[in-house]
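Build out the structure end to end from the sequences listed, making use of the hints.
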Amino acid sequence: MTDRTPNATDERPPKPRPAPTPDADSAPYWSAAREGRLVVQRCTNCGARQLYPRDRCLVCRGPVEWVEATGRGTVYSFTVIRQNYSRPFRDWIPYVVALVDLEEGPRVMTNIVGCEPDDVRIGMPVRAQFEAVSDEAGIALFAPVSGADSGADSGAD
Amino acid sequence: MTTDGRAACVVGVGETRYAKWGGIADTSEYQLAVEAVLAAIADAGMTPDDVDGLASFAEDRNEATFMAADLGLPELRYASLSWLPGGGGACAAVANAAMAVESGAAEAVVVYRSLCQGQFRRFGQGPGNMPARVGPPRVPHVRRATSLLEAHVAFTMPFGMFSPPIAYAMVLRRHMHRFGTTVEQMGHVAVTTRAHAARNPRAVMGDRAMTMDDYLASRMVSEPFRLFDCCLENDGACAVLITTTERAADSAKGPVSVLGAAQGALKGFGHGQYSNVGMPDDDYASAGARGVAARMWARSGVGPSDIDVAQIYDHFTGLVLLSLEDFGFCGRGEGGPFAASGALAWPHGALPTNTHGGSLSEAYIHGLNHVVEGVRQLRGESTCQVDGAETCLVTSAAGVPTSALVLGRR
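Read top to bottom, the protein sequences are chains A and B.
For what it's worth, my numbering labels the leading residue of the first sequence as 1, then goes sequentially.
For what it's worth, my numbering labels the leading residue of the second sequence as 1, then goes sequentially.
Hint data in this document are derived by calculation from the structure and do not stem from the laboratory.
Built from N, CA and C at the ideal position, the CB exists for glycine as well.
Do not rely on the hints blindly, as some may be mistaken.
As the list claims (entries may be wrong) - Residues from chain B that face chain A, not an exhaustive set, calculated with beta carbons under 10 Å: (1) Glu150; (2) Val153; (3) Ala154; (4) Phe155; (5) Thr156; (6) Phe162; (7) Ser163; (8) Ala169; (9) Met170; (10) Arg173; (11) Met220; (12) Lys267; (13) His271; (14) Gln273; (15) Val277.
Unchecked claim - From chain B, some residues computed to sit far from chain A (all C-beta separations above 12 Å): (16) Ala19; (17) Gly22; (18) Arg61; (19) Ala68; (20) Ala195; (21) Ser222; (22) Gly291; (23) Ala294; (24) Gly303; (25) Trp346.
This is the structure:
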């Protein structure tokens, strides 16, 4: 598979991780992650929590507010990417794209870091760690919880 | 499907040549669409003077209102675009055309799809890295997503999640986790479909035999999907002509009825950060088509046990298994064993499926070619003909807002 990677002779500097473009609905999410906090939307009427951010509750159409999440969750599903010809992703191969069910309910898309791709399992407890990707946005990556350590960590490992 | 005595049927199908990605360089995607539409009209024994409607589905680059002039239609009375996306919308577009014909809004509607992936970016890819906004907006405004793709891209691209194989690999991983579905069971879909394509001179992969060992040796793309779990990328177009049974009485090859159709998306689609990821577990690890299936069977007056042959949308092998479950050919979680039993293989399987080779081996035309093959089966024209076939299920894509229909010979 290595011989299929078209960047063997590519000496350009690594391309940075793509940054999201915040909009009216999502800006609070990205700026919180920039500060090392994971937030989800909570309906002030029925209490339902949601992500992707919307301007109203998808259960009862009530107003929503942003509330802090613990950053703890479990792997719902995942895939190990073994082929990708686009920059910067081809430099990451193999990498893990996963869906993580947060303790608070919403399911988030992320990368699992801090372990070998082959060691990722459905149901694995994970916690958020944060990476700044632009002046206005950070993202939450998730790493396996080791031992008794289960608190959210805002530091970049 | 019938109202006021006007019943819709398919009387013509047309195709261009199908070629691998970039294989058609001398004709534009739009020209191929026109070519396919004209072929469907000719197949029906009609002329453009008989046609007054055009229909397609979301993400089509080729406008019906532009094409009507090139086709020389006398008057355009119906032009529609289903919101259901590429993959999910082919059967919906046919159903919309049938509704237009049955309502009397139009007499003859052609549904078309053209995909020249060599001339455009690969279908289904994210729009690249989103450009940073530069400077203040020219007019102050609230910026807010207005489409699923726009909403989702910010939540997927930073993680290197930008293509359907990655998204739907996670669906299959979840299905494997819950039901024990295996890679070899997915391989049965790939190998069976390739064998069907070997008999089909139109098939892009018709001359490329595949064994289970070949399948298992193909390179891993996004676990559990290997290269041979993924549909083709290619150039080509096809079209389907729908009119009333009355008009079809003197058609060249006789009518094929649309017994019933349905379209839509379950609640929960679009609630999460990408497509189906926010759905409840039972729906996420499925084709997401149980609502469409129930409504389609109810409207068509037939059920899974009445189906002689099926064309199941196959963007990925594993999602065929999930569609077989949603449409009731086997129990929940039993799609893998059902395929591994040989059920999908022509001619002796319980449900010969994708008898043209499907998107995996004939061509990827967003499943409109699956409708074409369904019509061929009921005319007795398939290269993997099911003897005496009277009913054919055609489904559009799993995992997205989707549609399905039953074709019948009656």
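**Contradicted hints - numbers only** = 21
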